[in-house]
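Produce the entire structure from the sequences given, and follow the hints as far as they go.
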Amino acid sequence: MSDEVKKREGGFTLIEILVALAILTIAAAPMLYVTAGAQRLAHSQSEAADLHQRARVIAEKIQRDIAMAGAGPPLDLPLGSLSAYIPAVIPARTGARSPDAALTAFDDRCSIVYVPDDGWSARLAVDMPDQSAGIAIDASIPGCPAAGLCGFTAGTRALILDTTVAGAGHDAFSVTALDAELAHGPPNPPLSKAYGAATARVMPIVQRVYHFDRAARRLMLYDGYQSDVPLVDNVVDARFEYFVDAAGGVGPRRIALTELIDGPVAGLPPNQFDRDLLRIRLMRVTLRLQAAADDVRGGGAWFARPGRSTSGYSLVPDVEVSFDVALRNARGGS
Amino acid sequence: MTVALLVMLLLAAIGAALVVVTTTETLISASYRSAQEAAHGAEGAVERALHDLSTTPDWSLVLAVPPANLVSTFDDRTSMPRGPDGRRLDLAALTVERQRDSDVRAGPSGFGADSPQWRLYAHAPIEELLPSAAIVLPVYLIVWVADEGLDGDGNPAIDSNGTILVHAEAFGTGGTRRAVQASIRRSAEGVTRVVSWHRVP
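Protein chains in written order, with our numbering: chain S, 1 to 334; chain B, 335 to 535.
Worth flagging that the hints you see were computed from the coordinates, not collected in a lab.
Over the 12 Å line for every Cβ pair with chain B, so calculated as not near, a few chain S residues:
1) 130
2) 132
3) 254
4) 276
5) 312
Now the in silico label distances, taken between C-beta atoms and shown as ranges:
6) S/190 - B/522: 34 to 40 Å
7) S/258 - B/413: 56 to 62 Å
8) S/306 - B/469: 38 to 44 Å
9) B/465 - S/61: 27 to 33 Å
The beta carbon of each residue, even a glycine, is placed where N, CA and C say it ideally should be.
Here's what the structure looks like:
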């Protein structure tokens with residue numbers, strides 16, 4: 001083998017390899033820097049999109065529920081909407097599980113009640129002998145759905161309402177069993193009274209209790225009975241405010257929570273309420289959400305909870321959403 | 335050379351992912367905006383219908399069998415208007431669809447001869463609701479009215495208890511469609527009140 005061939009097949013020397021690696025590293029460093037920046041940017045954009053989507057979803061849902069708050073069945077309530085009899089919104093947690101005491105108010109929770117758009121109302125066949133008795137429904141009236149007992153089946157969330165005047169009595173319950181009557185045993189609380197057939201109406205309802213779990217940073221949704229689930233994660237603040245018609249009809253006036261518990265009082269225990277709740281016409285909801293990943297949150301006023309990002313490539317500030325919603329069904333009130 | 339190509343490939347992949355994220359976000363935002371416009375449009379249509387109905391002395395006039403029924407002045411006098419997304423809206427077919435949906439919930443099986451019969455009451459682009467042309471929204475509005483089923487008079491073309499149903503639908507871009515249904519009642523003093531107001535899924 002000639003010397004020239006030996007030299008060609010002898011490979012690289014260590015020096016040659018080290019020099020090549022050094023050149024390669026120097027050439028690749030800026031490219032890797034650019035790539036890493038692009039990666040951070042892509043990650044933060046994904047987080048920003050998720051943040052905005054969560055804000056949209058929750059705003060849409062709450063807005064819809066508040067707008068329909070107090071809606072009654074399309075017919076058969078002498079005074080119109082539910083909000084003529086009971087508060088459509090209450091600044092407290094209501095329902096079977098861990099309810100707030102009557103006549104308390106908080107700015108981080110709100111209970112909403114309405115009859116769904118395909119709802120109806122039923123009359124009682126006979127007076128209830130006592131408040132623990134089953135509710136006998138007159139299924140012969142026009143408009144009674146065919147399913148179950150005039151549309152009520154086990155699990156239906158329902159409201160029984162005395163339509164004599166506002167505050168004459170109401171109770172929300174879930175139908176626990178169904179035979180000739182609607183059973184409303186535990187875990188439902190006892191009804192506040194025995195209802196009479198002449199004035200009582202029973203109707204399916206949607207009950208929504210939005211409440212802010214500050215420790216877990218979640219907005220929760222409770223259905224008034226058994227289901228209490230997180231609705232949106234990474235919520236760092238949630239506030240509900242209430243407005244009534246101002247004197248002289250000049251725009252809505254914000255009403256303090258203290259005014260919503262200071263009387264005069266209507267209703268029967270444990271469902272007593274301040275009559276000022278019947279005057280609520282508008283709600284303002286303010287939500288603040290943060291990005292889920294802490295590597296896209298930085299420090300300063302933009303972040304309720306600082307993260308560990310120091311790069312401008314990857315900062316996703318908190319989003320604060322505030323919106324006013326008029327209670328559409330409040331107009332039919334007393 | 336190889337490193338440069340690999341880096342370029344990686345950057346292209348990241349860029350493509352960014353494009354997908356931002357494009358999707360743009361589409362979601364546009365869809366959300368369209369849905370909001372349509373939802374508010376449907377509410378506006380109900381309000382407009384309420385205004386006209388409150389000045390109508392007898393609601394049986396609007397419930398009469400077409401073509402004898404009274405219709406709103408919110409009317410662009412077309413039977414096949416073009417929707418915001420360019421498609422034709424067949425008002426007759428949409429009225430049939432409205433009736434079919436209503437019959438599922440409140441049809442003759444539940445209300446007998448009193449089951450609601452829907453009449454086309456108003457239809458026009460949302461621009462006709464707005465005071466000026468400064469805001470242009472791509473929304474078309476349609477309103478139907480019907481007698482409610484509990485008045486017991488056996489005739490869905492006659493309002494015998496001062497209560498009727500109003501159903502408004504708004505058609506936006508990208509096939510967006512939102513509906514609001516209200517039942518309204520006229521008191522003895524002649525005041526029109528909303529008995530129930532629902533956004534319909």
